[in-house]
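Chains as they are written, first to last, in my numbering: chain A, 1 to 463; chain B, 1 to 463.
Since the hints were made in silico from the structure, they are not lab data.
One or more of the hints may lead you astray.
Because identical chains cannot be distinguished in the list, a pair is counted as satisfied if it fits within a single copy or across any two copies.
Quick list of in silico lysine-lysine cross-link-like pairs, BS3-like style, CA-CA up to 25 Å [what the hints assert, rightly or not]:
#1 LYS341 <-> LYS258
#2 LYS427 <-> LYS391
#3 LYS295 <-> LYS372
#4 LYS351 <-> LYS282
#5 LYS20 <-> LYS106
#6 LYS258 <-> LYS379
#7 LYS106 <-> LYS315
#8 LYS315 <-> LYS427
#9 LYS289 <-> LYS427
#10 LYS55 <-> LYS146
#11 LYS55 <-> LYS315
#12 LYS64 <-> LYS174
#13 LYS282 <-> LYS391
2 protein chains.
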Amino acid sequence: MSGRDLRDKVLGGVEHYSRKYLYDVLNSLVEIPTVSAWGGADMARGAGLVASLLKETGFNVEVKSEGGHPAVLAEMGEGSRSILIYNHYDVQPPDPLELWDSDPFKLRVVGGKVYGRGVADNKGNIAARLAALEALSPYIEDLDIKVKVIVEGEEEIGSPTLERIVAGNLEWFKADGGIWETAYVRRDGRLSISLGFKGMVYVELTLRGASRDVHSGYSPIVPNPAWRMARMLTIIKDESGRVLVPGFYDDIDVEFLKMGESLLELVDVEDLEALREELGLKGFVGDLKGYEALKALHLNPSINISGLYSGYTGKGSKTIVPSTASAKLDIRLVPGQDPNKILEKLLEHLKANNFEDMEIHVESMYRAGYTKPGAAIVKASTEAAKEAYNKEPHILPMAAGSGPIYIFTNIAKTPMTGAGVGYYGSKVHAPNENIRIEDFHKGVKHVALTIINFATTPLTRKA
Amino acid sequence: MSGRDLRDKVLGGVEHYSRKYLYDVLNSLVEIPTVSAWGGADMARGAGLVASLLKETGFNVEVKSEGGHPAVLAEMGEGSRSILIYNHYDVQPPDPLELWDSDPFKLRVVGGKVYGRGVADNKGNIAARLAALEALSPYIEDLDIKVKVIVEGEEEIGSPTLERIVAGNLEWFKADGGIWETAYVRRDGRLSISLGFKGMVYVELTLRGASRDVHSGYSPIVPNPAWRMARMLTIIKDESGRVLVPGFYDDIDVEFLKMGESLLELVDVEDLEALREELGLKGFVGDLKGYEALKALHLNPSINISGLYSGYTGKGSKTIVPSTASAKLDIRLVPGQDPNKILEKLLEHLKANNFEDMEIHVESMYRAGYTKPGAAIVKASTEAAKEAYNKEPHILPMAAGSGPIYIFTNIAKTPMTGAGVGYYGSKVHAPNENIRIEDFHKGVKHVALTIINFATTPLTRKA
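My request is simple: use the sequences and hints to build the entire structure.
Quick look at the structure:
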């Protein structure tokens with residue numbers, strides 16, 4: 001069979017399967033509330049469903065756990081070139097529930113879009129890749145490739161056991177190229193592919209006052225940890241967005257920054273301006289604009305308050321001096337920053353400012369990772385994107401978001417590119433998460449073409 | 001019948017009824033979750049129960065509403081001297097529920113104590129006064145008194161409609177003396193009676209960022225209202241507990257302060273030290289000790305954070321830039337401070353510091369009120385306390401807590417004293433709220449004797 005014939009046949013299959021996977025398969029994935037922050041029996045149900053879907057597509061499947069939520073590992077083909085596909089079946093909590101227009105755990109199709117928790121992040125991508133792989137499955141031998149799939153269940157809580165799973169199966173995870181969990185369509189219709197993801201330190205900090213909540217008549221004399229929490233937060237970051245922790249910016253990889261800045265020069269900034277307007281914002285942090293905002297978003301580390309709570313947070317009034325105050329902070333790291341060192345610096349800073357009694361709970365901790373733009377898998381996906389989206393993709397040196405990609409790029413030494421079915425309006429991690437149906441179909445085509453391109457073009461080993 | 005005979009008969013009745021009211025009646029009151037912050041049908045059920053209990057005791061009863069939760073007004077006797085008894089049937093929310101050792105809405109009797117939401121604040125006092133009134137009811141004519149009872153349902157949300165009810169029935173609320181909702185037993189076994197209560201301004205302040213929660217990858221550029229809230233709170237109060245709002249302390253009534261300070265000199269400070277230890281605190285705010293802590297507690301106005309929330313406050317991690325951050329502040333006022341002016345000063349201060357976009361929701365707002373220690377009703381209750389508790393009571397110029405007593409002392413011009421069944425360990429507004437059974441019985445006796453004393457000693461009109 002000629003290359004052209006194979007390509008045409010696969011693309012025929014893509015059209016066929018992409019409908020099936022969008023409705024039936026994605027619905028079955030969304031229906032299981034695999035919220036990793038909640039845990040429970042639904043996690044194993046979710047992993048089981050992914051495993052059986054992969055089996056039906058022709059994969060050999062294994063479910064592995066290193067004490068956390070199970071991960072599904074699957075393999076198809078015996079070819080000389082290997083490609084590794086990464087996804088996760090877990091999702092973010094759906095709250096605030098009252099802001100959803102429909103049940104987050106039922107697929108809702110309306111106005112050319114599908115809604116549900118995880119349709120963009122990341123169950124829609126699982127479905128899209130399964131559709132592409134089902135279309136490719138008859139031709140795996142012709143393409144002389146080996147496809148490996150890892151679908152984990154802990155990405156939204158910082159992938160605490162993924163590194164152990166990879167380290168314990170290092171050879172298996174070493175591949176000639178890989179496809180990371182996402183990519184998304186911009187306002188201009190171009191696919192945005194991120195070649196790296198920031199690292200993460202997610203901590204919950206707690207200050208305590210009295211051993212129990214006390215009637216707030218006592219507030220003139222009983223210390224209130226909420227006031228202290230407010231003071232503590234103000235010494236972590238200033239109004240301009242600059243982190244005040246000494247040494248926080250010290251170890252940033254300058255070579256990465258240079259590469260990143262030059263890639264960002266090719267990216268237009270209209271999406272950022274449109275986002276600002278959609279969010280009803282007068283300006284960004286520190287009044288950043290254009291290229292400067294783009295650089296801050298993709299190349300700066302940051303500290304964010306994801307949650308803050310103390311005392312009575314219900315309806316109406318309750319009058320107490322709360323006994324505790326807590327803040328959930330997510331710290332996003334760029335290449336060069338070591339999560340352990342960063343955490344240590346934060347704690348030293350707080351200690352030096354009389355918060356030595358602060359309690360810390362570490363939710364997750366991992367470093368940033370990235371692939372250089374010259375890698376063969378990046379070229380394969382760039383070419384595939386031109387064809388599937390009919391437009392040149394945007395290549396970002398690093399996403400705004402985090403992901404444990406370093407486990408693949410730094411530990412398994414597998415260069416990674418991106419693919420994905422979400423778009424700028426997908427409301428990832430927020431109520432009414434959604435994807436556009438046309439993006440789903442283009443996304444399936446893009447994955448299939450990336451794999452064909454990768455199988456049929458010369459390799460440039462190592463990112 | 002001689003005064004001695006009547007007294008003995010009433011005290012016999014007190015012993016009898018105090019058992020009945022502690023178990024059956026208090027249980028029936030606790031079982032209705034009259035959480036005024038929640039509202040709902042239970043409020044009317046609660047008012048209905050109080051009304052029928054008063055009717056059974058021989059009162060003429062009327063239920064009134066000025067658009068809020070209903071208040072029960074009752075009257076018995078036609079005597080020449082009038083006494084007004086104030087209570088509230090509403091309670092604080094029970095949360096955090098997980099810290100209760102039993103259902104907050106079922107009376108639990110164990111180890112000489114009874115537990116349940118409201119047993120101290122304020123349903124136990126309703127039951128105790130009903131017991132005393134049932135014992136007194138055959139002798140109302142002999143005592144030549146008129147007893148008026150008001151039981152409202154909005155105290156815990158700041159009594160928003162009580163003032164309208166009183167203003168609309170001003171003659172009815174004018175009495176020669178009155179008994180306020182509480183008093184409590186100290187560690188030394190002495191009853192602590194407060195002659196005044198602080199005022200209150202309860203507000204919820206909200207800052208907004210983006211129009212929706214955003215994936216926290218955007219945190220380098222999307223403004224996070226939680227950081228701003230932290231900054232805003234730090235300009236409201238300093239570490240020593242001093243309020244930073246300009247003019248906050250300006251209008252405090254100096255004459256009241258003088259009177260208060262001299263009364264507090266008679267109060268011993270051991271209870272405060274014991275409280276500090278019980279709460280596991282190394283020190284009080286600003287390292288206040290002894291008489292200075294006592295003065296701060298009873299004579300200082302204050303601003304407290306009762307609740308603080310932004311973003312994800314659930315289990316585990318969620319990574320968002322929250323779209324809102326809110327703080328519930330309760331501001332306690334002392335005589336001389338005008339709630340409207342104080343609120344205005346706070347808002348001006350925040351506006352002047354670039355928080356002009358802050359949104360405010362006012363939950364409640366009322367001034368402080370107090371009775372001078374020389375009033376006849378205060379003397380009657382002091383003498384009654386010596387007999388019921390076998391110890392001299394502590395007379396405080398003002399409680400640490402708030403209550404709309406000004407409606408009685410300032411508007412209806414009725415001097416008020418206190419009585420109550422709680423003790424230092426009652427955990428008012430907190431999980432495992434409880435009273436001691438022996439305090440309940442003493443409390444019933446104290447109320448009965450206060451009324452007898454008041455009916456039989458010369459009047460000093462006006463507080």
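* Going through the earlier hints one by one, which of them does the structure break, listed in rising order? -> Of the numbered hints given earlier, those the structure breaks are 11, 13, listed in rising order.
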